[in-house]
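S.K.: Here is how the chains run, residue by residue.
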Amino acid sequence: MATTTTTQPVTLSNEEVLRYSRHLIMPEVGMEGQLKLKAARVLCIGTGGLGSPLALYLAAAGVGTIGLVDFDVVDFTNLQRQIIHSTADVGRKKLDSAADKLQAINPHVELVRFETRLTSANALEIFRDFDIIVDGTDNFPTRYLVNDACVLTGKPNVYGSIFRFEGQVSIFGTKEGPCYRCLYPEPPPPGLVPSCAEGGVLGILPGLVGVMQATEAIKLILGSGDPLIGRLLLVDALAMKFRELKLRKNPDCPACGTHPTVTELIDYNQFCGIRGEEKPVESQVPAISVEELKQKLDAGDDIFVLDVREPHEYQICNLQGYLIPLGDLPKRVNELDSSREIVAHCRSGVRSAKAVDFLRQAGFTKVKNLSGGILAWADKVDPTMPKY
Amino acid sequence: MKVLIPTPLRQYADKKDAVEVSGATVSEALKNLTSTYPDLRKHLYTDDGKLRAFVNVYLNDEDIRYLQKEGTPVKSGDTLAIVPSIAGGKEELCKLINKNALFDS
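Chains as they are written, first to last, in this note's numbering: chain A, 1 to 388; chain W, 389 to 493.
To be clear, the hints were calculated from the coordinates, so they are not data collected in a lab. Owing to the predicted nature of the structure, the values given are computational and were not obtained by experimental measurement. Virtual Cβ for every residue (Gly too), placed ideally from N, Cα, C. Wrong hints could be hidden among the right ones.
With a cut-off of at most 30 Å between alpha-carbon atoms, the simulated BS3-like pairs for lysine-lysine come out as follows [said to hold, decoys possible]: (1) A:LYS246 <-> W:LYS404; (2) W:LYS438 <-> A:LYS246; (3) W:LYS463 <-> A:LYS241; (4) W:LYS457 <-> A:LYS249; (5) W:LYS457 <-> W:LYS419; (6) W:LYS390 <-> A:LYS241; (7) W:LYS403 <-> A:LYS241; (8) W:LYS404 <-> A:LYS331; (9) A:LYS175 <-> W:LYS457; (10) A:LYS155 <-> A:LYS93; (11) A:LYS249 <-> W:LYS430; (12) A:LYS246 <-> W:LYS403.
One-sided and incomplete, this derived list gives chain W residues near chain A with beta-carbon spacing under 7 Å [stated by the list, open to error]: (13) THR395; (14) ALA441; (15) PHE442; (16) TYR446; (17) ASP449; (18) GLU450; (19) TYR454; (20) SER473; (21) ILE474.
From just these sequences and the hints, can you work out the full model?
M.R.: So, in structure tokens, the structure goes:
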């Protein structure tokens, strides 16, 4: 499966033999397998939740060349799951942070860094020098971009994705197997993706799924075992249940079917219905700043504070507002008195802007959005309040 | 038979991860499901009643598109799994939401 682009034959030094001894004494790997690993070139897209365990294990296993694509910077909230980054790395480029740890685990790995967002303009070029692509990204447009680029360049795509505590793993883009579009010909329109309130992710989940991706990549390189080609593995970490579904190559698939219509990379944001520069709702509804709200409350003004977050968020911190989660607002709107001055808030001002928009359309005239949400309150009014 | 509800859709099915339904075909089973949980309908079906392309339905471990689609006969003891596409990433989810997100009918 692996093709080497170097002209020199790959060998292992005595030091490497000792390092990989536990691989070498297994018939499933052996010297032959370890040399294949060393000759292999794997591209990891994303060094975040999925990319962290994936890259760490590929480096430990002795994959000779690992490409890393990431344009992002380590954020404090990443540390809950992106285990390649540490507290001291907050603020650093993820590529630098990842590279340090990978090189420390295995100095024999050659790292190739791409400090860029993967786009239709660069994907084919970036993929060219690698044998296997592992998709560790977190959005639909890139999923389709990676898929199409893999099909066009003939490289397998080791796919993994997660949502809260559920994950999916498979291998797409092999000649005989299906591609991502065979499974999902169309992305979900933005309006149907669950809201921020339903987001969050169990920290261990990308660990579980990322290591499965590393496993599949290694199996492809070795030519061992049964790779997840034509198989979709579903994992529910809370139930600790694994299910396997059959995936078929769709002969009518626009990317990999018998008469493909995808012959070049397209605008994937457009494909996924993301309108990019559209003005967010926040700037279209009447708003009030946290300082102004504080002033009014201190002055004893009759303000009805409406909190549209979820109950578990209320427990983290709150302004003692009246809690109606955004999703419940349409059916609980009768609990609100439209004659009162209402200030709606959420965590950062996005959900509450939608709430205000909805209420205004329902005839409420005295409703405003708290700009910046409870995060802004914690920033500017009450620093003792935790941020999340 | 059982219908397995994936995480992103559980909020529309009383937070259940599996629902018992009746029906002789996949279509009847899903109609049974969406009449019990009407909020699920718009997430599974387009306005003109077609199953959404980013939602796959499996009868046991086979994609119904390769069986008889929604006309596939089902029996008690079968499991229907709804498998939507997921991409993870809270930050990107926020960026994907447009102004009509929660109130599209």
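S.K.: None of the hints should be skipped; say for each whether it holds.
M.R.: Results of checking the hints against the structure:
no., hint, result
1, A:LYS246 <-> W:LYS404, "holds (25 Å)"
2, W:LYS438 <-> A:LYS246, "holds (22 Å)"
3, W:LYS463 <-> A:LYS241, "holds (23 Å)"
4, W:LYS457 <-> A:LYS249, "holds (16 Å)"
5, W:LYS457 <-> W:LYS419, "holds (14 Å)"
6, W:LYS390 <-> A:LYS241, "holds (16 Å)"
7, W:LYS403 <-> A:LYS241, "holds (18 Å)"
8, W:LYS404 <-> A:LYS331, "holds (20 Å)"
9, A:LYS175 <-> W:LYS457, "holds (26 Å)"
10, A:LYS155 <-> A:LYS93, "holds (28 Å)"
11, A:LYS249 <-> W:LYS430, "holds (28 Å)"
12, A:LYS246 <-> W:LYS403, "holds (27 Å)"
13, THR395, "holds (5 Å)"
14, ALA441, "holds (4 Å)"
15, PHE442, "holds (4 Å)"
16, TYR446, "holds (5 Å)"
17, ASP449, "holds (5 Å)"
18, GLU450, "holds (6 Å)"
19, TYR454, "holds (6 Å)"
20, SER473, "holds (4 Å)"
21, ILE474, "holds (4 Å)"
In the structure shown, no violation is registered for any of the earlier numbered hints.
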